[in-house]
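Novice: These are the residues of each chain, in order.
Number of protein chains: 2
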Amino acid sequence: MNRLCLPLSLNEAETLLLDDIVQRSTPIHRGGIVYEEGEPFTNLYALRSGALKGYRHCSNGNIQITDFVLPGEVFGLDGVSSGKHQCSVQALETASVCALPFDLLQQLGRTLPILQTHLMEAVSGCVQAKMEHLCLVTQYSAYERIKALILNLSKRYASLGQSALHFRLPMSRADIGCHLGMTIETVSRCLSRLREEQVITLDNREIRILKPEALRSTARPANKP
Amino acid sequence: MNRLCLPLSLNEAETLLLDDIVQRSTPIHRGGIVYEEGEPFTNLYALRSGALKGYRHCSNGNIQITDFVLPGEVFGLDGVSSGKHQCSVQALETASVCALPFDLLQQLGRTLPILQTHLMEAVSGCVQAKMEHLCLVTQYSAYERIKALILNLSKRYASLGQSALHFRLPMSRADIGCHLGMTIETVSRCLSRLREEQVITLDNREIRILKPEALRSTARPANKP
DNA sequence: CGGACGATTGACGATGATCAAAGTAAGTGG
DNA sequence: CCACTTACTTTGATCATCGTCAATCGTCCG
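Protein chains in written order, with my numbering: chain C, 1 to 225; chain E, 1 to 225.
Note that these hints are calculated values from the structure, not bench results. Mixed in with the good hints there might be a few duds.
Claimed, not checked - Distance ranges between label pairs, derived from CB positions: (1) 166(C) with 38(E): 50 to 60 Å; (2) 107(C) with 203(E): 56 to 66 Å; (3) 164(C) with 188(E): 20 to 30 Å; (4) 103(E) with 32(C): 38 to 48 Å; (5) 24(E) with 113(C): 30 to 40 Å; (6) 113(E) with 202(C): 27 to 37 Å; (7) 188(C) with 103(E): 50 to 60 Å; (8) 168(E) with 174(C): 26 to 36 Å.
What the hints assert, rightly or not - Taking lysine to any residue and the SDA-like style, the derived pairs with C-alpha atoms no more than 20 Å apart in a straight line are: (9) 84(C) with 38(C); (10) 84(C) with 59(E); (11) 130(E) with 120(C); (12) 130(E) with 31(C); (13) 130(C) with 60(E); (14) 130(C) with 195(E).
Positions of the beta carbon are idealized from the N, C-alpha and C atoms, including for glycine.
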């Protein structure tokens, strides 16, 4: 199992143990589904390459994109508690995914306590991220939200060892809008504004960050402090 | 332990077991803190009377009210994963709280599997609620959000055996605004509109629902379906 | 080559934030 | 018990933001 798959600090023996339970899947093409809302929760997953979006049908039937998954990230934690997945996950572009059967992971967790810890941290980080996202969406303007998303992606690409300043947006404007709670037109306008202000250059989905510091939102949120 | 505290279907013997570990606290007055963000997670809590708000400091220092707690509800689940509370909880009015030491709960869970199950369901329900809330905030107009909140409170009061159509809002307009992502003025205006439309009557915080069916948002969300 | 999809841009209007003011409730101290 | 302060709420006027509608353009496919 590649270190890309789970960012754990394991020794070689431990890595081999973990390696045993990893199942590699055939590549999933654009639009392909990894799992769907309501399916029984059996695996955690790690994304090896490509990009995914997690989304959910709200009570009204609307779709809400809850998160984007980049290579090296673990996903599928929705459903640990209920035993059923609460979200669906779909490929934004051709993707390769590792499946980690959860019961085996838990078994392994008994001999490798660090695995348990990492798992817990992952769940907790996931919840925390959701709350930060809620805050972003309720308290910031569309422009600030876009800046935050770009910054977020930038940080995550950087932590994958890729360029923090030059990458390709794997998702459409519609996906961004659905994630941040705004229309595609507003997404497009905000991106154009960032381009005009020479904070970024943008060629379709190819983005280059010119002024990283301008993305760190020093601006106060829409609501009062 | 009162059945109000944990809505579990336990037999008498089991109830007695659980009763042993419950710690009742002295009443907490308006503005009092149950626990704060960052504190180590040691207890689950059940609210016996009064009302609470859960809130969080976002990365920008802003406050986001994540939820309101009504009597009979369990809270404190934030922090199960990380071991530290991710939210703070404060009393909106004089409140009485039961503390359930988590380690004892887990111990008890080994002999009472149903307790484990209920706990898991609680966590999962909590996550689900957060996602519904995200959906509400990103996709609905201020007016719809207010309707949803009233309906939500109504249902919860009903499930406590209180009137679903006549109750007192324990929180200020500012709290509502902070929870739903809008200003106090907009909150007030939406409430006034509901009054004009004779969906509710409202005397300060005393609310009476005249047309419950009008609260069930048949209206499509702000964004496209 | 043409059709479908995605993205951009403009014009317009509705929603909701902001600023301001006044009214109401609640708590405090005499 | 009342005067007074403070906090909370309501309402109005104005303005910015963002959604809607519409047209155009570019890109990716078959």
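Novice: Work down the list of hints and note, for each, if the structure agrees.
Specialist: Now for the hints, and whether the structure bears them out:
Judged by the Cβ atoms, the range 50 to 60 Å given for residue 166(C) and residue 38(E) is violated: they are separated by roughly 37 Å. At about 59 Å, the beta-carbon gap between residue 107(C) and residue 203(E) stays in the expected band of 56 to 66 Å. Between residue 164(C) and residue 188(E) the CB atoms are about 44 Å apart, so this pair departs from the stated range of 20 to 30 Å. The given range of 38 to 48 Å is respected by residue 103(E) and residue 32(C), whose C-beta atoms sit roughly 44 Å from each other.
At about 35 Å, the CB distance of residue 24(E) to residue 113(C) agrees with the hint of 30 to 40 Å. A beta carbon spacing of about 55 Å between residue 113(E) and residue 202(C) contradicts the range 27 to 37 Å that was offered as a hint. In this structure the supplied range 50 to 60 Å holds for residue 188(C) paired with residue 103(E), their Cβ-Cβ distance being about 52 Å. Distance hint check for residue 168(E) and residue 174(C): the Cβ-Cβ separation is about 43 Å, which falls outside the suggested range of 26 to 36 Å.
At most 20 Å may separate the alpha-carbon atoms for a hinted pair to count; residue 84(C) and residue 38(C) meet this at roughly 5 Å. Our distance criterion of 20 Å between C-alpha atoms is broken by residue 84(C) and residue 59(E), whose separation comes to about 31 Å. The suggested pairing of residue 130(E) with residue 120(C) holds, with an alpha-carbon distance near 19 Å, which does not exceed 20 Å. A hinted pair counts as satisfied when its Cα atoms are at most 20 Å apart, and residue 130(E) with residue 31(C) does not qualify at roughly 26 Å.
A hinted pair counts as satisfied when its Cα atoms are at most 20 Å apart, and residue 130(C) with residue 60(E) qualifies at roughly 15 Å. Distance hint between residue 130(C) and residue 195(E) is unfulfilled; the C-alpha atoms sit about 34 Å from each other, more than 20 Å.
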